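*Asks:* Now for the letters of each chain:
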Amino acid sequence: MREVEIIVKALKAEASQKPKEIIYAGRESFTYKEFVAMLNSKKLQKNHKKLVESFLQSARKMFNENPTYRLKMMQLAGVEK
Amino acid sequence: MSVAVLVAPLFDEATRYSYDWSREAKALLEEKGYKVIDIGGRRVSKAEVEEALKRNSNVLYIHMNHGSESAHWGSENEAVINLENVQLLSERETYCMNCLSAKKLGVEAWKEKAEAYWGYVEVFTFTTEALDEFREFANSGLKFRLEGKSWKESLQLAKDLAKALAQKLVEAGKYIASVILQGDADALRCYTEDMPPTSDCAFRRLAISIFGPKIGWKLPSRGV
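Line by line, the protein sequences give chains A and B.
The first sequence: position 23 = 23 (the numbering used here), numbered continuously.
The second sequence: position 179 = 179 (the numbering used here), numbered continuously.
The hints are simulated quantities; they were obtained by calculation from the structure and are not laboratory data.
This one's a predicted model, so the numbers in the text were calculated from it and none came from an experiment.
Possibly wrong hints are sitting among the right ones.
What follows is a set of in silico ranges between Cβ atoms, one per label pair, in the way DEER data are often shown [to be verified]:
no.: 1; chain 1: B; residue 1: D200; chain 2: A; residue 2: E65; range: 38 to 48 Å
no.: 2; chain 1: B; residue 1: D160; chain 2: A; residue 2: Q57; range: 13 to 23 Å
no.: 3; chain 1: A; residue 1: L44; chain 2: B; residue 2: D12; range: 18 to 28 Å
no.: 4; chain 1: B; residue 1: D200; chain 2: A; residue 2: H48; range: 17 to 27 Å
Just so it is clear, CB atoms sit at the ideal spot from N, CA and C, and this is done for glycine as well.
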């Protein structure tokens, strides 16, 4: 599984556990579930696409640089080490 | 007595949070002996911000609300600072907790000889799951500056703090929040005389490398 797939799968699991949490991004807001659904959507508005790209860039950076984050993502995604 | 103009409008769900965070900023300023001209808790007009800045030279200007590449917003439809009145930031220190304004407005402010411009080049994003951590990060640069650190030191300390907060969120199982906080930190910029803006544009970067930032940023370029 590619790292982005691991991240998205893990964050989907997190989002499903936290239905009430809201993300505020400028003038827009999303539930975690709505936001995570955008992460692998092919049909996004330009501003949402930019938001998703920035988020995934930060997530990949943390995945590669932060061993705790990487381990937690793999555990949540159900991926063996 | 030092004076700060604190602009923290309130007009939608997200600005309830930015207004709330601005109360901490106000308390920090007052603790350090600042007289705070507090304009917020409601929709704010361009005229009242312009008047406050024109009447008070050498003030620290703080904006905590929605922003865009070229504007600080006072309400859904009215910018309080934009490219038309950016010269009001000349010879001032500006501290923003808003989206995107370091991308163009901050560069223009720097070109107008602003002493400092603190802001973000991407959308400032936060989650309800970690409000204390996002508030702490959003106000941290102001706190460090008021403690006597230079803007350069404050920027580094704010980025270090974000890393520590993101780690704390990871350990608390708040993974989405940790990524968002780290993303905000990556988008944070501070422009001063010795920390000029950088550019994503290859032509602009070339111009800056050849002519230096002062001239390089003044050369006209498409889409920059």
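*Asks:* Could you run down the list of hints and mark each one as holding or not?
*Replies:* Hint-by-hint comparison with the structure:
1. B:D200 to A:E65: 38 to 48 Å: 22 Å, violated
2. B:D160 to A:Q57: 13 to 23 Å: Once the Cβ atoms are compared, 20 Å apart, the range 13 to 23 Å for Q57 (chain A) and D160 (chain B) holds.
3. A:L44 to B:D12: 18 to 28 Å: 23 Å, holds
4. B:D200 to A:H48: 17 to 27 Å: 20 Å, holds
Hint 1 from the list above is the single one not met by this structure.
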